[in-house]
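> Below are the chains, spelled out letter by letter.
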Amino acid sequence: MADSAILQQAKPRLELRGVTKRFPGVLANDNVNLKVKPGEIHALLGENGAGKSTLVKMIYGVLAPDAGEILWNGDPVQVTSPRAARRLGVGMVFQHFSLFEALTVLENIALGLDAKFSQRELEAEIRRVLDLYGLKLDPRRIVTTLSVGERQRIEIVRALLLNPKLLIMDEPTSVLTPQEVEQLFETLRKLAAQGCSILYISHKLHEIIALCETATILRGGKFVAECDPRNETSKSMAELMIGANLKEISRGPGRTLGAEKFAARNLSLPKHGDFGVALKDISFSVRAGEILGVAGVAGNGQNELMEALSGEAGARDDAILLEGSPIGALNPTGRRARGLCAVPEERNGHAAVAELTLALNGALTARRRMGFVSAGLINMGRARAYATKVIGAFTVKALGYQSTAGSLSGGNLQKFIMGREILQEPSAIAVSQPTWGVDAGAAAAIRQALVDLASRGCAILVISSDLDELLELCDSLVVINLGSLSRVMKVGEVSIEEIGLLMGGVHGDPQATVEMTEALHAH
Amino acid sequence: MRIRLEKRRELSRVMLALSPIGAVVMTMIVGAIIFEGIGYDGPRAVFEIFFTPVLASYKWPDVAAKAAPLILIALGLTFGNQAKVWNIGAEGQYLLGALGGAGVAILTQSMHGPWIVPLMILAGMAAGALWAAPVAFLRNRYGVNEILSSLMLVYVALQLLNYLVTGPWKDPNGQNFPQTAPFTPDQRLPAHLFGLPFPPGLYIAFALALVFWLVMSRSEYGLGVRIVGEAPKAARYAGYRASNAVWSTMLISGGMAGLAGVLETTTQSGQLNLGFPSGYGFTAIIVSFLGRLHPMGIFLAGIVLAISYVGGQVAQTTVHVPSSTAGIFQAMMLFFILASDVLVRRRLRIEWGAPKTAAARA
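Chains A and B supply the protein sequences, listed in that same order. Here the first sequence is numbered in our numbering, starting from 48 and rising by one per residue. Here the second sequence is numbered in our numbering, starting from 1486 and rising by one per residue.
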């Protein structure tokens, strides 16, 4: 290819030489090199804590490197602020959107721009960008009414309005349906074809194989390898990422499912607040030893379902059944006493309290079930011993029970939380996003622990927006969309297309989704 | 140059314990400079306020008498402050405690027996808690901000005191002074106990500080209160109800302020008059924070604030500073403790100029 020969000779759009960043006690980036060519889609791969975010923050001017050089089109530059980065031509789409729910798309974009435009100019400009890249988005819509995929497009348009020469995408697909992912990839390929370089941060290896031409792999803050993902497998790249052989989940031989253990019967809850989702007539049944997955795009009632199951939101007494007896009227402590444990999605401030020690964070949910409390007093010896046991059994990297939850990395805290619930030997457990933002090694350990728990006869419900995780972990699957559950599907028999459509691939119009699904079945 | 505040991951316990001392020292230094600047003998004023009451043993009974109510009220406020349920109206609950005790005193004017004082104390605590109850109810039921409702009830309590001592509870033999009849010997407690210059309230405060310490650090209730304050969602998940925390912390702080009020009347004033309100309920908020919301810290902080009250009076006569001086020093202490809190919990980072390059390193 002649084109690629020219690209080979051209100066890299962005080059990092020996970039080092030190935080108190941590070397976040150690002498990292990175070269992104013009028009290249370049993956930045690494586990949580490998230093991807720090590196990107330096490119985008949020942090300043302690040592090393940043070269832009071959010239050394000082990127002193995000504004300076945008002036150079660096755009960034963050993993967490910063949008005002009550404002329109247009108003949100206007608020994020450095330069002032008139409303009309801006709208014309937005429509031009949308047309150019075939993006579907109505500038006049209010953000609340948009799907997550559409919200992400706002951030993309905001970045594209500045005609970037390098677009940084941080974990862009974590909240998208398979169809939305495909649309995003088309946009990115179009952008790259027009000469814009893309730095794509992700830990989803099959996406990187499908999209990227080059991948730079970081581990523990250091550059490990640069490779062509198209010549690699998910497994080989994952092993470069974690620096060890990746263990596959082993399911116990001859696992048999028992009788129904954990069930919901026509569970409905009105919506809470302006941005809440009402639960409509939710029914499911999980047998002993079974793992039921709840797939869906974030914000379709997952949090509401979790709160109804954990007991944080009250429900009709017979709407939730544990081993045949109604528990819907019990509070979280009462449900745990009966054997139903729960892990919400949010680690800090919901499943754990950052300011408290691990011993007290253990007592948070285990205090009654594990017998720490007598006469209103907590037996601290037992609480410490339990925290120590969890730390040991789940290889949590922490100094000990006296460490505060806030001092742990996300993955380690999640292992502690999962361990805290699993070691209570619940008869049923509801878990939301068990490996969200957790590195591959820790995620594998958490999934293995869940499978092992199921093989001991626990009924498990896993809510996750990571479809790969559900397909790997679960026996059966339902999809949650706008607060309702789909029919139950056996994991061996489902098609990704159908799940994608049920997840709301056709957004904002449930009827269209139904029609599309039916059409798919007719084929 | 960029100045930034970064959250610290691990808090230093030493820093947490030492920062109140730093706040007091800063108050002395800044206070000396300010009073020097406006034409007083600043260093001497600071000396009189903070050291004379400690060095002159004849001031100790006065310090102990003022420390007792401050510590009792501040202990009561601690649970609420941990749960982030802000009771600013302890002054009103303190008044109600005194009124409750005085009400029993009026009813038992002609009676005798050792049961009268305990009954007065119970009535005082109940009255204080009762004055806090509407605050909890309004907050839970209608989401009314407890800071406003508790503060406003202070003014209602003041009017109630006014009405009672100038009206129905006025001493018939009091030559028309706005005060209740003096308490009978059976309605009074000794001003000092066990041969030391300390009032009964100080011993009670010490015993309760130990109890509160146990409850706060070891009990399921104490843990729940902390979690409700630190992370309300985690509290719900852990099975604690925020509305219970609002009720219990308001009733505890109301009851403790009531206890302080009734002890004050039975040991010190021996009657109730218009001069009774002293601002202890407000100063106790400073005590609670200066004591790091820790019962033993509060005990010490109560003594420090009591010293500043007594020392303020000393400085008025010797250095001729205005009567509001003690208040100014108390406010500075609160300011410095809250400011040092920011630095204990966060790290101040100053980044000078442009980042170093690899060449500069090598």
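Simulated from the structure, these hints should not be mistaken for lab results. Some hints here could point you the wrong way.
[Stated by the list, open to error] One side only, chain A facing chain B, incomplete, derived with CB under 7 Å: (1) VAL73; (2) LEU74; (3) VAL124; (4) GLU359; (5) LEU377; (6) ASN378; (7) PRO379; (8) THR380; (9) GLY396; (10) HIS397; (11) GLU402; (12) LEU411; (13) GLY423.
[Said to hold, decoys possible] A few chain A positions that, by computed beta-carbon distances, are all more than 10 Å from chain B: (14) GLU260; (15) GLU393; (16) ARG534.
Note that the Cβ used here is the ideal one computed from N, Cα and C, for glycine as well.
> Hint by hint, say whether it matches the structure.
Comparing the hints with the structure gives:
no.: 1; hint: VAL73; verdict: 11 Å, violated
no.: 2; hint: LEU74; verdict: 14 Å, violated
no.: 3; hint: VAL124; verdict: 11 Å, violated
no.: 4; hint: GLU359; verdict: 5 Å, holds
no.: 5; hint: LEU377; verdict: 10 Å, violated
no.: 6; hint: ASN378; verdict: 6 Å, holds
no.: 7; hint: PRO379; verdict: 4 Å, holds
no.: 8; hint: THR380; verdict: 3 Å, holds
no.: 9; hint: GLY396; verdict: 4 Å, holds
no.: 10; hint: HIS397; verdict: 4 Å, holds
no.: 11; hint: GLU402; verdict: 5 Å, holds
no.: 12; hint: LEU411; verdict: 5 Å, holds
no.: 13; hint: GLY423; verdict: 5 Å, holds
no.: 14; hint: GLU260; verdict: 28 Å, holds
no.: 15; hint: GLU393; verdict: 7 Å, violated
no.: 16; hint: ARG534; verdict: 30 Å, holds
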